[in-house]
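Those sequence lines, one after another, are chains A and B.
Quick note: the first sequence uses our numbering, first residue 1, plus one each step.
Quick note: the second sequence uses our numbering, first residue 1, plus one each step.
Keep in mind the hints are simulated off the structure, nothing from the lab.
All values reported here derive from a predicted model rather than from experimental measurement.
For each residue, glycine too, the CB sits at the ideal point set by N, CA and C.
A couple of the hints might just be wrong.
[Stated by the list, open to error] Derived pair list, reagent style DSS-like, types lysine-lysine, alpha-carbon separation capped at 30 Å: (1) A:Lys58 x A:Lys77; (2) B:Lys48 x A:Lys132; (3) A:Lys132 x A:Lys77; (4) A:Lys60 x A:Lys77; (5) B:Lys103 x A:Lys132; (6) A:Lys63 x A:Lys77; (7) A:Lys134 x B:Lys48; (8) B:Lys48 x B:Lys58; (9) A:Lys69 x B:Lys103; (10) B:Lys103 x A:Lys77.
[Claimed, not checked] Listing some non-contacts, in silico: residues in chain A with all C-beta distances to chain B over 10 Å: (11) Thr5; (12) Arg59; (13) Lys60.
[What the hints assert, rightly or not] Estimated spans, in silico, between C-beta atoms of each pair: (14) A:Gly110 x B:Leu163: 30 to 38 Å; (15) B:Pro90 x A:Ser68: 49 to 57 Å; (16) B:Met44 x A:Ser36: 21 to 29 Å; (17) B:Gly106 x A:Gly41: 14 to 22 Å; (18) B:Leu174 x A:Gly41: 38 to 46 Å; (19) B:Asp122 x A:Ile4: 38 to 46 Å; (20) B:Leu179 x A:Lys77: 45 to 53 Å.
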Amino acid sequence: MRYITYLVVGIFFGIVMFKSEAASWFRIYEMFYFGSFHMYGIIGSALVLGVIGVQIIKRKNIKPLDGSKMSLNPKNKGFSRYMYGGIIFGLGWALSGACPGPMYVLAGAGYVSILVVIFGALLGTFLYGLIKDKLPH
Amino acid sequence: MNWIYEPWPWYIAGPLIALVMFVLLLVGKQFGMSSNLRTACAAMGGGKSANFFRFDWKAERWNLIVVLGAVIGGFIASNYMSNNTVAINPEIAQQLSEDYQIKSAGDNYLPPEIFATEMLSDPFIIAVLLIGGLLVGFGARYAGGCTSGHAISGLSNLQMPSLIAVIGFFIGGLVMIHLIFPLIF
């Protein structure tokens, strides 16, 4: 039953990503040229509702349906990993025109070439795991 | 029924993304689309090579199911709900056409100049796709999250680390598009 929920959430997310054009290379390119409000509107409106909702969850102490703890753990403090990791991610986001969610959506949409990007992302994740301890965090 | 085929505006898409985050929170999970890459590495035996992949990946199987859903969602949306074109700001489309001979804005969802399957015979295009993906995967794990995990989940929870990461995302993106694209394309 739980897996059905995750599957449905994934399908819904995939449709929203594709239909909002957030999975389009063109929209990412345009965003980094500040050519349209579209992408900023998507992230911004999700964020405004997100901040309000998370505040409500915290103040009313709302629990997940199974009574466990909300997954709202604070991120570890730090600067280097977020800034350097962020910049590396941004370079890749702009170069491939895809971030991790949209990659899978585009694979489903039938773009064979995106499989090379996904393979690269797996390789990058693996590489990070190998040299993690040598990087400033 | 036109709304199904028309692109969905930001004020529909943004709230629906927030909804995805809240549904996941309500089932005890966190919205983040890059953790699955680590789960996949662990499932493929990455634990033999690095501690980072030695964890109970079976407990994280749920995020692989979300990925499977996203693939199905992409299939449904592109085949039954879209004419697969994206119209962007005409000035940007013009600039793309003049500077990079990418003339497909408005006619395609992704530029065939980069993403057409035939282009995979071009080593330069393979390198662009592979390195792009590599930077995304490496950067997302180094930063501890991607657009969903930091820009949506983390910032919604008012996390300073997420703000730093999102600023990093934009520095990287702007450098790539404005400084590196003119050199490589």
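Checklist line | Non-conforming hints, listed in increasing numerical order | finding: When the structure is compared with the hints, numbers 5, 9, 10, 11, 16, 18 and 20 turn out to be violated.
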